[in-house]
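Go ahead and model the full structure; you've got the sequences and the hints to work with.
So the sequence lines, in the order shown, correspond to chains C and U.
Residue 223 in the working numbering sits at position 223 of the first sequence, with consecutive numbering throughout.
Residue 241 in the working numbering sits at position 241 of the second sequence, with consecutive numbering throughout.
If you want a taste of the chain U side facing chain C, the calculated C-beta under 7 Å gives, among others: (1) 347; (2) 418; (3) 444.
Simulated from the structure, these hints should not be mistaken for laboratory data.
For glycine and all other residues, C-beta sits at the position ideal for the given N, C-alpha and C.
Next come the chains, spelled out residue by residue.
2 protein chains.
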Amino acid sequence: MPSSPSRSPQAALDLLRQRFGDRLETGLPIRTQHAHSLTWVTPEPPDAVLFAETEADITTSVEICRGHRLPIIPFGAGTSLEGQVNAPRGGLSIDLSRMNRILAVNHGDLDVVVETGVTRKQLNEHLRDLGLFFPVDPGAEHATLGGMASTRASGTMAVRYGTMRENVLSLRAVMADGSIVTTSRRSRKSSAGYDLTRLLVGAEGTLGIITELTLRVYGIPETVLAAVCPFKTLEGACNTVIQSIQLGLGLARMELIDELQIKGFNLHSGTSFAEQPTLFLEFHGTPAATAEQIVTFRAIAESEGALGFEQAERPEDRNRLWKARHDAYWSAKALRPGADLFATDVSVPISRLADCILETRRDQEASGIVAPLVGHVGDGNFHLVPLFDLKDATEVAKIKAFTHRLVERALAMGGTSTGEHGIGQGKMGYMAAEHGTGLRVMRAIKQALDPEGLLNPGKILPPA
Amino acid sequence: MPSSPSRSPQAALDLLRQRFGDRLETGLPIRTQHAHSLTWVTPEPPDAVLFAETEADITTSVEICRGHRLPIIPFGAGTSLEGQVNAPRGGLSIDLSRMNRILAVNHGDLDVVVETGVTRKQLNEHLRDLGLFFPVDPGAEHATLGGMASTRASGTMAVRYGTMRENVLSLRAVMADGSIVTTSRRSRKSSAGYDLTRLLVGAEGTLGIITELTLRVYGIPETVLAAVCPFKTLEGACNTVIQSIQLGLGLARMELIDELQIKGFNLHSGTSFAEQPTLFLEFHGTPAATAEQIVTFRAIAESEGALGFEQAERPEDRNRLWKARHDAYWSAKALRPGADLFATDVSVPISRLADCILETRRDQEASGIVAPLVGHVGDGNFHLVPLFDLKDATEVAKIKAFTHRLVERALAMGGTSTGEHGIGQGKMGYMAAEHGTGLRVMRAIKQALDPEGLLNPGKILPPA
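Structure follows, in C-alpha cells:
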C-alpha cells in the first residue's frame, strides 16, 4: 500500500504527539540514548520515544502505529547487548521504565506480580525485608524485568534457579493487533493449551509488548556462603565445574574468570586476587547442607589443582566479590585503557565446556586477540570481552572473524550461538545454521501474530 | 474443495496400504483399542492405524494424508485421559510405540536422546545401572515419553524436578508440511529465537508429531526415603504441604490421599493404612540433607495434627507405597465394585489449595457424590475420581455438573482447568474461560503451522 499523508510515519507521530504531548520525545539526545547499544552494532535511533505510563498508553500507541505502519521498538533499560533496541526501520521506541509498580507479593505462593519496567534491583530491595528474593541476575542491576523476560536473560544464578524461562510464571502482553493477552493462570502447573508464556519469553518484543509479569520468587536461604577458588590451569577450573554439575552438587553460583579478567578486576577495583584462572562460588542452603557441599566441592577442586579456597560469609565480603564480577565489562577496559570492547557469548553442553574454552584460548593466542573470559560455566555458558580499536578496520575484521569462529565452534559442539545475550541484530546471521527448518516455523509464527511486521522489525529473524 | 476419487480418505488409505502393507491395520479391534480412553469421552476410532517404525514412515504418511485431507492422530500408549487419541473426524492413528530406541545417554551432560515411543519404565530400567534416573512420573509406567511430552505430563515428582516442560531439552518433530524440525541445540541454555521446544510440549500433537526427544536426567540420590504421614484432618494435611512449599523444603514427592482413597488402597491391595487423610512423601538427597528435611517436615506436620510418621527406607517398602499410589485409579474401583469412574484434575495456587479442596469436599457431601481424592498437592494439583453408573443418566448429569463446578472453582481461585491431564476433547469447553484472548493467539499459531487442520483435529482448540 503506498504511503499517503493520511497514512504515514509523520501522521502517526502527529497523532502520538496530540495524544501524549510531552511524553513523546523527538529530540536527538533522547532518541540516541534509546539506540544505545553495548555492542559494535551501529546505533540506529528511532523517530521518537514515548514514555509509557500505563498499558492503555501502549494499546493506544499500537493502534496509531499500526494504522500508519510505524514500527514499534519496546525499550526497558537499554542494557541488551545485541542491538535489540535499535530502530533499523525507524519507528517509535516505547520506553517502559515508568511502568514500575510492584502490584502484588503473594508470599504464600512464592510469586510476585510486577509491571514490566520494575528493575531487578528494585524488586529485590522490596523483597528483602519479606525474606524473599528473585534470583535471575544478568549483571546489569537496572535491567528491567520486562526486558529480561524479552531476552530470556539468565546470569550468575541460573545454574541453580533457572533463567527467565523457568521463573516467569505468566505475563501480560499487548499484541500487534492491539489485543491484550494473559499467557497463563497463576497456578504453578498447567497443561491447558499452548505455552504462550514461553513463546513470549525470549521473543525480544517481536511478538508482543510485555506489560506485566508474574514471577517466581524464593525464600532467602538460611546460609549464603561465597568463596574464591583459584586454579593452576583453566582446564582444572573447567573440570571442577563439570564434575560439580555431574554430581548434582547444586551450587547457587559457579563463575569462571580467567587470569586476564582477574587482572582487570585488580586494576579496576583495587582487589588483590591471585592472577590465576579462578572460580567465584556461592553456596545456598541450611548450615548443614552448605557445609556438606563445600566439603565435596573442595575435594573435587583440590584434585583438579586448586590453589586455595577463601570463604566470604559476611554480606559485605560477598557483595564485594559479586560487585567485582558484575563490573567485569568495565574492569576489562582497565586492561587496555581507551580500548573499545564488547561482550559476546556462546553456550555448549557442559561436557564440551573445557574443549570449547581451551580451543578458543588457542585461537586467541594464534590470532593475537586480547579477550578476557568470564562465564556462567555451570550452564556451559561463557563470555569473551574482546578489546580492540573500533577505528582500526584491520583489528575490527580480526575480531569479527574470531567471534565468527567462536560461534561456529560452539554450534559444532552441539551448542548455541548465544546462551543469554539473545539474537537481536548481532546474531541474526546464525539463525539458519542454528535452527535449520525451525527458522521457517519461527517465521510462520511471526507472520501469524504480526503480519505487518510492526513489532521490533529487523530482529531475531534474518531477511528471507 | 470437494472430495474426488483421486483426493479422498479412501485414496489415502489405499496409498498407505501400498506403502506399508500389514503395518497398516484397519480391523475394528485395533482401531477401537486406539480410541480407548480412560474417560467418559466417547471413543471415536480412526479409519486405520499405522505402526510407524521410523521417522521416514511418518514423513511419508504426512505426505500422503496431506494430499488427501486425511487427519492424523499421533498415538503413544493411549494412557491420556481427556480423549487426546480419539479420531472425531476419522483419519490415521500413527502408533509410535515401535519407535522405542534409546539413542544416546550423555552421562557427562545428564541428558539422554530417545525415540518418541520409549516408555518411562524402559528408560528408567536402562538408566538404573548408570546411576541415573528420569523423574517425570505420571503414574502410567508404560506411558511413552513422546506422549508425555505432548500432554505436558507431570506427576508425583514434579514438585521437585519439574514437569515435561522443564525436562524436555529439545525435540524433533514432523510438522504438517512434512518438514522435520529440531527445536533446540543440546546446550542447557540458549536465548536464540523463539522457544519451539516449549511450544510443542503440551500441544497434544496438534502442531507436530514428536519423533525424538532430548531429556534431562538426574543422578540417583545417595539417600531416598519414603514416609507415610496420616492426619486428623484434610485441612491439616493441606496446611502441612503449603508450609513445606513455602519453606522451600525441597521434598521429592508430596502426595495427598484422602481417607476414601486410602480405604480403596486397603481394599484393593490388602494394605492396612490408617483410613485418614494421608501424605505419602519422598525425600531425596545426602543422608545429612534428608535427615534435616525430615526433622523440619515432622515439626510442621505435628503442629498440624499429624497422627504418625512411618518411614520406608528399603526399596521394596518404598515401591509398595508408590505402587499403591499409582494404582489409585484401579483401587478407587474397589470402593464401588462395578462402578464406572474417570479421573479429573485441576490445579490452583498453593495458597488456595486447602480452600479449593475443602470447598470441593463440601460440594461432594451436599451433592452425594463419591469421589476419592489423590493429588500432587505440592504443585497445587489434585485429582478426583468420581464413581458412578455410566448407564444412569441422572448420575452422569450430576457428575458432569460437579466437575464443571470444580473447574469453575479452580479458575476463580487463579487456577487452571487441568494441571496435567491436558485439554484433549474433555476440557475444550474451558479454553475460552481460561485463556480469553490468548485462545485467539493459539488459533493463529495452529492456523499458521497446520493450515489444513491435518494434525489431531478437534483437540485443544474448541470450534470457533
